[in-house]
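Enquirer: Now for the letters of each chain:
4 protein chains.
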Amino acid sequence: MIAILKPNTSMEQQEHLIHWLKSQGLMVHISHGDKYTVLGLVGDTSHIDVELLQSLDIVDSVKRVSEPFKQCNRKFHPDDMVIQVGDAKIGGGNFAMIAGPCSVENHDQIVEVAQAVKFAGADMLRGGAFKPRTSPYDFQGLKAEGLELLLEAKKITGLPIVSEIMNVNHLDLFEHVDVIQVGARNCQNFDLLRELGRTNKAILIKRGMANTLKELLMSAEYVMAGGNENVILCERGIRTFETYTRNTLDLSSVSVLHELTHLPVVVDPSHATGVARYVRPMALAAAAAGADGLMIEVHNDPIHAKCDGAQSLKPAEFHELAQAVRRVREAIAQ
Amino acid sequence: MIAILKPNTSMEQQEHLIHWLKSQGLMVHISHGDKYTVLGLVGDTSHIDVELLQSLDIVDSVKRVSEPFKQCNRKFHPDDMVIQVGDAKIGGGNFAMIAGPCSVENHDQIVEVAQAVKFAGADMLRGGAFKPRTSPYDFQGLKAEGLELLLEAKKITGLPIVSEIMNVNHLDLFEHVDVIQVGARNCQNFDLLRELGRTNKAILIKRGMANTLKELLMSAEYVMAGGNENVILCERGIRTFETYTRNTLDLSSVSVLHELTHLPVVVDPSHATGVARYVRPMALAAAAAGADGLMIEVHNDPIHAKCDGAQSLKPAEFHELAQAVRRVREAIAQ
Amino acid sequence: MIAILKPNTSMEQQEHLIHWLKSQGLMVHISHGDKYTVLGLVGDTSHIDVELLQSLDIVDSVKRVSEPFKQCNRKFHPDDMVIQVGDAKIGGGNFAMIAGPCSVENHDQIVEVAQAVKFAGADMLRGGAFKPRTSPYDFQGLKAEGLELLLEAKKITGLPIVSEIMNVNHLDLFEHVDVIQVGARNCQNFDLLRELGRTNKAILIKRGMANTLKELLMSAEYVMAGGNENVILCERGIRTFETYTRNTLDLSSVSVLHELTHLPVVVDPSHATGVARYVRPMALAAAAAGADGLMIEVHNDPIHAKCDGAQSLKPAEFHELAQAVRRVREAIAQ
Amino acid sequence: MIAILKPNTSMEQQEHLIHWLKSQGLMVHISHGDKYTVLGLVGDTSHIDVELLQSLDIVDSVKRVSEPFKQCNRKFHPDDMVIQVGDAKIGGGNFAMIAGPCSVENHDQIVEVAQAVKFAGADMLRGGAFKPRTSPYDFQGLKAEGLELLLEAKKITGLPIVSEIMNVNHLDLFEHVDVIQVGARNCQNFDLLRELGRTNKAILIKRGMANTLKELLMSAEYVMAGGNENVILCERGIRTFETYTRNTLDLSSVSVLHELTHLPVVVDPSHATGVARYVRPMALAAAAAGADGLMIEVHNDPIHAKCDGAQSLKPAEFHELAQAVRRVREAIAQ
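Chains as they are written, first to last, in my numbering: chain A, 15 to 348; chain B, 15 to 348; chain C, 15 to 348; chain D, 15 to 348.
In short, the hints are calculated from the structure, not lab data.
Beta carbons are placed, not taken as given, at the ideal position from N, Cα and C, and that holds for glycine.
Treat the hints with care, as some may be off.
[Stated by the list, open to error] Once the Cα atoms are required to be at most 30 Å apart in a straight line, the calculated DSBU-like pairs of lysine-lysine come out as: (1) D:Lys157 / A:Lys77; (2) C:Lys84 / D:Lys157; (3) B:Lys103 / B:Lys36; (4) B:Lys77 / B:Lys103; (5) B:Lys36 / B:Lys84; (6) B:Lys20 / C:Lys49; (7) B:Lys77 / C:Lys20; (8) A:Lys77 / B:Lys328; (9) D:Lys157 / A:Lys49.
[What the hints assert, rightly or not] Reference listing, derived: stretches of chain A covered by chain D, where coverage requires no fewer than 3 residues with Cβ under 8 Å from a Cβ of chain D: (10) 74-83; (11) 252-263; (12) 327-333.
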């Protein structure tokens, strides 16, 4: 950690601060510039409150040298993490296509969509049973029944399944779910993340609408600190002033995250844009940007979908998209 | 609800859509403009998926006429809601000063701060027992023990207490807490909100960093839809590109919320700015903007605080601030 | 235009408003809902101040039906605009690769880079002569001399050139520049745009850091209203809370703009990310998203560049990228 | 400047970098931590490209120690700047109330408003002659004629006048204008700022919708670097995702700017909110936050205003507001 002292700081004040820092078990390297004095703090600085140090009268600014994330830090894990669920692999060059309806509605719907996306080459089936809805008056999902229907579709198609959890108390219901999704609104629900760290499930964490990439990594860290290393990160758009799309898909996050962490990164263009006809170009862009996977909403009858029909592809559109994604991945691999 | 059709829509397409809308139980008023045809949909439109309607080929755009929030809508509740906890009232002209440390650390600390803020005129004591921290390696609060210490401070001073809940399963521990706070990161933790709607506690909901005022109201609606009308809204800053302050305090939210809802609105300048020396000007500004209360972090020893020391006032500073707030309130009341 | 009246509006108030609207030359269609009355205003509403109408006591909200942009609106110009400069075409399926250094530094530098990017397949040469720098103390470009050097590179390579204008008074200097660029910071410098509308040059307008797509189109409209239809739009990232990249590249803007307008859309991944190693993935993503062109910073010696060396590719990297872009374009075209 | 090297950097690489830094005339202090090596660069670092240094393979991150703004930096000018125009003073405890219509429309309108705001206690008259409008089809101001009318109102009332410039070439027209305003959209129109630095007029610079406070200061620096120290800064709201108000007024900017610079800071609640009924609470809040002045739109007939009528106060409302502002200023001064 680096602390920069303000000009005109008296020697006495400096010594007082240095004394305090040393009492916290740190070594202090002092570097005098023309106007500023810089303190290099060596040792375990994890217990130092950066904002407090920064607020001291004589301190101009403070900078952490090491990142606060450890378990998910590529510096300590140079090799890509590969996560396997069922026959599907993600990360380390393995690309996973995750597809399915926003919400599970009934047996025929989920099985029909599952078969269609499998036929199109999907690696996993997504489907919402517990739905986080902005309004308490909107359809909230089939809940436990939805998960059962999803498991039937898994049995029939062999596809591993991905579904969102909203409540720690539902964990038992997710026993046979392959990938547990933490939604954007729960990206910093730390109690939920901590509990998921005690499971051995693959956990897919969506970036919150206002979360920095560093915060997303700290959320992964909550899961990993509990001993569960199977974390997949998901970019799904951040909130900006632009209103033509529901969110602004931040595709550069793929490159940044690949530098910072060894965890796989998938992109969800359906929720990012909120508009079915933008899903294809953004899915292809995500593949070109180097994403490890895609998460696409597919519905056999979007116009009658109970949720997010506006952003769902029809099976035939998805089929065509999946082929184009493969071509793009070949194009960038050469 | 209004649906605007694209120019060059054929009569057949229009009739097809109108037929479908009528089959949803709506009456349809048709208005032909120079280029556009406008459909006015009358009846219960709450089940219509706006985004889906908007995504249809022949639809240019859709606009909801009535707001999606009902219980918290001032249109149906013109009089200010007044919430009473202990001797303190908030709303309808009653101003509540809520003060205390970011986190409860030990008996002496919380009692000392409680007595100091009471002496300065605070109406409620705040103190965190369960702390949502970005890093799993940071101090997470004293938890149950923290709540007990807070209750002791309540007993000694008589001040009603405010503390944050992070997990539905902790609800029993909050039996004697007067106001349960939902933190910014849980502003859209709908399962938590729904459960709190089944209690009769006063619930203080902080606006999430990326939440619009409409979403904040929908979160209040989750609580109220369960039968609990005792909701206090809290503006605590939103996330923007500016980095000199931790968040950007959106004080115009006070006026906007007062128009849209009858619920009381408090402002938290401590978390908004993250810097103690900005708390006073922002607290005075919030009072001048017409807030129904303030939530201020006060610590007897900020430099040794376990959390957020950088943004805490000392008791003497808070005392002086409380007096200035009173003067500002008198100034705007004339 | 649609105006929605508040519930409980008296007939007298309604009639007063309707009378006034008619006096503005509009026809008014009235539609009574359960709670709300909706007025459909037909005729030339371009002189009606939406915000003023919205601020009236009895008005709940107002919605424009038709977009405020006309000349650049695809509704009135369904076919893609193709812009030709020299041998290069852009739009309507023609992809243009624009490359070159951030700023022109000397004869050898610009000629060397020009030859390298031409060899790699670039269609146009970019180079800054007038540089908008945040600090008055930074290098501001070679100005007129820079343009002369750029013209020499054009003569040697035959590449059409693109350069930024910052001041209406410099227009004469740009006589032989093929594409005049309006930088992000001047995206709403309306006097500059208006003057450029009186030329017959191709004008490339970069989206401002805080500009909506609608505002970008209104800026294009300023140029086109003057009679100059040769406008190219450029997405170069918007400002958000994320700090790992300089800006957040909004690639969904390509799809949205292609819907709204017939003008070509290029993407500048160099300024968007500010980091050379993110340029390649974002360039490929932009191509996959359907952009009509790319604008890439290339420098023969980035480490000694006078400006933005951090985001410049070396010629060999650009060469490899240009090939990959071609492969991606083939992949999405099938 | 501080440069932090990545772990595992070889001694040879370090020495290569240090050699290069020394060749730039800098002294280099080396501090070895557990994992990281930190270089403290002493000397004139203003010519070092931070982003370039940061992009080097062996560099983890770079931090500037000293701010890039000098002329407007309070560190070098500890006393508040007081700017006097006519009888009005602003800064250093002097509060200036600036009021008037969005745009000058005709002789009677501007004179009537001028007399009304003078009677209410305004210190300066504002009025737009050149109007930056998003649409080329909207009223663009009376231009030269508008300035003449404004000068007549100045002659009649004795109030100094404030008006916006959009184009360097109009400078002659502003000879008798007391304060020249640079609008939000021109906040980084560096050529305009540079020219204004060559005048001795007071220059009021509005913060751009996406500009950080640091960038606003750099824009002030452009003016001051030319020798003109008479700069007033103006907060008028930044662009965020919230849509109930036109912009989000960032009142903490007042405190932050007062720390960083000695220049006066005024607040414009009219453009920030865009809604007349929010102007009063935000004006009072700005006064409570310690602003050095306010800029308020006042129109004698808002419903017929040619521009921004929705956000204009009537003279009687302004009169009442001006009194309340005085009371708030007294309340915070005690």
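Enquirer: Does lysine 103 (chain B) lie within 30 Å of lysine 77 (chain B) when you go C-alpha to C-alpha?
Expert: violated (38 Å)
Enquirer: Does the structure keep lysine 77 (chain A) and lysine 328 (chain B) at a Cα separation of 30 Å or less?
Expert: With a Cα-Cα distance of about 26 Å, the restraint between lysine 77 (chain A) and lysine 328 (chain B) holds, given a limit of 30 Å.
Enquirer: Can the restraint linking lysine 157 (chain D) and lysine 77 (chain A) be considered satisfied, given a maximum Cα separation of 30 Å?
Expert: violated (50 Å)
Enquirer: When you check the alpha-carbon spacing of lysine 157 (chain D) and lysine 49 (chain A), does it fall within 30 Å?
Expert: Cα-Cα ~49 Å, so violated.
Enquirer: Check whether the Cα positions of lysine 103 (chain B) and lysine 36 (chain B) lie no farther apart than 30 Å.
Expert: Violated: lysine 103 (chain B) and lysine 36 (chain B) sit about 48 Å apart, past 30 Å.
Enquirer: Holds or violated: lysine 20 (chain B) with lysine 49 (chain C), Cα cutoff 30 Å?
Expert: holds (26 Å)
Enquirer: Go check the stretch 74-83 of chain A versus chain D for me, would you? Three or more residues, Cβ under 8 Å, otherwise it fails.
Expert: holds (count 5)
Enquirer: Mind taking a look at whether chain D covers the stretch 327-333 of chain A? Criterion is 3 or more residues with CB to CB distance under 8 Å.
Expert: violated (count 0)
Enquirer: Can you tell me if the stretch 252-263 of chain A counts as covered by chain D, using C-beta to C-beta distances under 8 Å and a minimum of three residues?
Expert: holds (count 4)
Enquirer: Holds or violated: are the alpha carbons of lysine 77 (chain B) and lysine 20 (chain C) at most 30 Å from each other?
Expert: holds (15 Å)
Enquirer: Quickly compare the C-alpha distance for lysine 36 (chain B) and lysine 84 (chain B) to 30 Å and report which way the hint goes.
Expert: holds (24 Å)
Enquirer: Take the C-alpha atoms of lysine 84 (chain C) and lysine 157 (chain D), compute the straight-line distance between them, and say whether it is at most 30 Å.
Expert: It holds: about 25 Å lies between the C-alpha atoms, which stays within 30 Å.
The earlier numbered hints that this structure contradicts are 1, 3, 4, 9 and 12.
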